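Enquirer: Required output: the full structure, derived from the provided sequences and hints.
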Amino acid sequence: MRAFTYATILWGVVGMLVGLIVALKFVWPDFLGGISWLSYGRMRPLHTNAVIFAFVGNGIFLGVYYSLQRLLKTRMWSDGLGWFHFWGWQAIIVAAAITLPLGISTSKEYAELEWPIDIAIAVVWLAFGANMIGTIIKRRERHMYVAIWFYIATFVTVTVLHVVNSLALPVGLFKSYSVFAGVQDALVQWWYGHNAVAFFLTTPYLGLMYYFIPKMANRPVFSYRLSIIHFWALIFIYIWAGPHHLLYTALPDWAQSLGTVFSLMLIAPSWGGMLNGLLTLRGAWDKVRDNAMLKFMVVAVTAYGMSTFEGPMMSMKSVNAISHYTDWTIGHVHIGALGWNGFLTFGILYWIIPRLFQTKLWSERLANTHFWMGTLGIAFYAIPMYWSGFTQHFMWKEFTADGYLAYPNFLETVTQIIPMYIIRAAGGTMYLAGMLIMVYNLAKTIGKGDFLAEEKASAPALVGKSASLREGEYWHRWIERRPVQMVLASTVLILIGGIVEFVPTATIKSNIPTIASVMPYTPLELQGRDVYISEGCNTCHSQMIRPFRWETERYGEYSKAGEFVYDHPFLWGSKRTGPDLAREGVVTGKTYKPDSWHFNHMYEPRSTSPGSIMPGYPWMYKAGSLDTNSTAAKIKGMRKLGVPYAPGYEKRANADLRAQAEEIANGLRQGGLDADPNTDIIALIAYLQRLGTDIMKDPARSGEGDDAIPAPGGTLNPEALNAPAAVPEAGEDAFAGGAETAAMP
Amino acid sequence: MYKDILRTMDAEALRAALTLAVFFVFFLMVVLDAWRKSNSEIKHLEDLPLDDSAS
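Protein chains in written order, with my numbering: chain A, 452 to 1196; chain B, 606 to 660.
Don't take every hint at face value.
As the list claims (entries may be wrong) - To give a feel for the contact side, a few chain B residues facing chain A, derived at Cβ under 8 angstroms:
1. 624
2. 629
3. 630
4. 631
5. 632
6. 642
7. 649
8. 653
9. 654
10. 657
Said to hold, decoys possible - DEER-style ranges, computed between Cβ atoms:
11. 655(B) x 621(A): 46 to 52 angstroms
12. 652(B) x 906(A): 17 to 23 angstroms
13. 589(A) x 633(B): 30 to 36 angstroms
These are computed hints drawn from the structure, not numbers from a lab. Here the structure is a predicted model, which means the values were calculated and not measured. Even for Gly, the Cβ is constructed at its ideal location relative to N, Cα and C.
Expert: The structure is reproduced here in structure tokens:
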């Protein structure tokens, strides 16, 4: 437990520091620039993973190990398993801290780690669960307090989420492709992504709240009855809400609607928990005035209430149309992360450390200083993000009196909000500075204390006390005393939502109408797509045009579900720091740029777009950076996942790759640019120039699909290499199915 | 618009409705059970975090 305490503090500072670096890159895009492993696209997932899984993760384990033993009046089941859990989790964090900056990423938000690390996560998580359930089974208190239900729900749900969302086919030691494609992948990812918030950032912390607030206030929880009701309602409803991350996208409407309905229902159980936490302090508010720990807890629970009201509001379609892709979402999640998770963790640390070291907190005054710096830091972070979000939305959608976009250049909408990014960075600095004060205060506390290694608090064994129902007792009492049944009941409840939403999307063909002209990527485009993933381009650029006039005017035809059937993984993105790229390659489109523009832009974005805050990617121009060793394995892997590459195509895929790369490089050289075909930038250009072109490619063929649209003006993609017909050798189809059978894998 | 949504739901409408029914039945059972808990048991459960004794 002491080890988890130190790890929580260490990773908290690291995670927030990386967050601050990332925030500063919005203000000074060249800050730490030119170094691949410090680029924004790689640092951003490092920040989110460090805060969620390293800081909050260790905070959960710390709180669970502390409270579980005391609530059950027994020692943890296995010390050995506990140490395996601790060192395993830290090793996973270190592996993430190495692989993510190296560009080893799956691209799936909060699940970016590649398959070997995913397996390690599953093993270590199961070790944690086994230790927890073993402890519950050998407990010496008959009843399981409500906090423990939350811990159990966390364990079972995170297991299910992690396993399903991580299902991927390895094509190399550190490269895999999601088994799901396009819309299905998006649904699974946001089922996971939303419930990572629900069952990693919320339910375990509710359990901690139910233990630590009564403890700190020395008062029982306001309403135990309310805790029962809100627990079951929360875990049932939460699992359904994932599709609200995909409103107005190509996800089927019914799934979007389910996501909205359940998200709105979530207000009730969420606020049940929030009110229960705050009302526990009734009659004890005088303690809040004098006690920094309780101040942290009060703001934490208030932040939980704010974000769980805001979340359902943002899930309403009309509100989501405004908030999605904007900084509003960033403000929203940071109220939760900095306020709810951060402050609750700080409160717990201030509570636990003096007790572990049998002393008093070194300085209550410094703790108060930390509290106020943190609170102001959150305000300075969140308010500019809300301001920025609304500014973005209204600039994106504003039309002139003549019916043209008022701000056709996306860059105008970026430079407008840079002052907000400056204030945000200041807020982050204040929050981090407060944390450093906490570190100093706790280090001093530890220094003057004496560590209490063993606390003799085991109760007598529960000999002869059956968990069976007694006369006059009801079914819930039966479940409350039986951990295995509790695990099963929780699992069934959380599976219902996932199954009802996912199975029809995967099995009913009409949910994902196919488009005959949509073809697999050429080998060079596939490698370019992986460069896009590796550099984290999807952290700033979406590939999903929503069916709004202001989006179709700016980007072109709205996105169709059938366009993504070969996208393992999907790359729709969730934020538009830069413009959407879904129709980037359509020559007659609104966002098209020639190869030379991309070549110059990616090297020094401000050379083509003055004022841009995009970083440069000079390492993509390094001779030999293009990976051709993995092409065959990638083609084979994709074919196993249902992408219709012809059998044996992997043997000549690199020849096609080189031909296409040579053609792009030649075109660039003719324009006077020093282009090398063996570089990542050439592959990335090939991929970008392919985006959105399939449904515009061939009017005759695009009319065959269920969901096809007529190609405007009969446009044809001039990039011959984009057409799969260029790939096969004489008399042989490169892609087994051809246009007519290119169906959903 | 709601008609379009219903049309695209295929058999999903029935599943979702059934699930909601399951939820509300379960929810009512939980409410009923919480309501019928004895005050002494509730008091014992509420006090669990406050009790660090080894008894």
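Enquirer: Would the stated hint for residue 632(B) survive a check requiring a Cβ distance to chain A of less than 8 angstroms?
Expert: holds, 6 angstroms
Enquirer: Is the interface hint for residue 657(B) satisfied, with its Cβ closer than 8 angstroms to some Cβ of chain A?
Expert: Residue 657(B) check passes; min Cβ-Cβ to chain A is 6 angstroms, inside 8 angstroms.
Enquirer: Quick check on the hint: residue 654(B) CB to chain A CB, less than 8 angstroms?
Expert: Where the cut-off is 8 angstroms and the nearest Cβ of chain A is about 5 angstroms from residue 654(B), the hint holds.
Enquirer: Double-check residue 624(B) for me: the hint is only fine if its C-beta lies closer than 8 angstroms to a C-beta in chain A.
Expert: holds, 5 angstroms
Enquirer: Return the status of the interface hint for residue 631(B): holds when the least beta-carbon distance to chain A is below 8 angstroms, violated otherwise.
Expert: The hint holds - residue 631(B) has a Cβ within 8 angstroms of chain A, the shortest such distance being about 7 angstroms.
Enquirer: Do residue 655(B) and residue 621(A) keep their Cβ atoms within the hinted range of 46 to 52 angstroms?
Expert: At 50 angstroms between Cβs, range holds.
Enquirer: With a cut-off of 8 angstroms on the beta carbons, see whether residue 642(B) makes it to chain A.
Expert: OK, holds: residue 642(B) within 8 angstroms of chain A, min 7 angstroms.
Enquirer: Can we keep the residue 630(B) interface hint, with Cβ of chain A closer than 8 angstroms?
Expert: violated, 11 angstroms
Enquirer: Evaluate the given range 17 to 23 angstroms for the C-beta pair formed by residue 652(B) and residue 906(A).
Expert: Holds, since residue 652(B) and residue 906(A) (Cβ atoms, about 19 angstroms apart) stay within the stated range.
Enquirer: Should the hint that residue 653(B) touches chain A count as held when the rule is a Cβ pair under 8 angstroms?
Expert: At 4 angstroms from the nearest chain A Cβ, residue 653(B) passes the 8 angstroms test, so the hint holds.
Enquirer: Are residue 589(A) and residue 633(B) spaced within 30 to 36 angstroms by their CB atoms?
Expert: holds, 34 angstroms
Enquirer: Once the shortest beta carbon distance from residue 649(B) to chain A is found, is it less than 8 angstroms?
Expert: Where the cut-off is 8 angstroms and the nearest Cβ of chain A is about 7 angstroms from residue 649(B), the hint holds.
Checked against the numbered hints given earlier, this structure breaks hints 2, 3; the rest are met.
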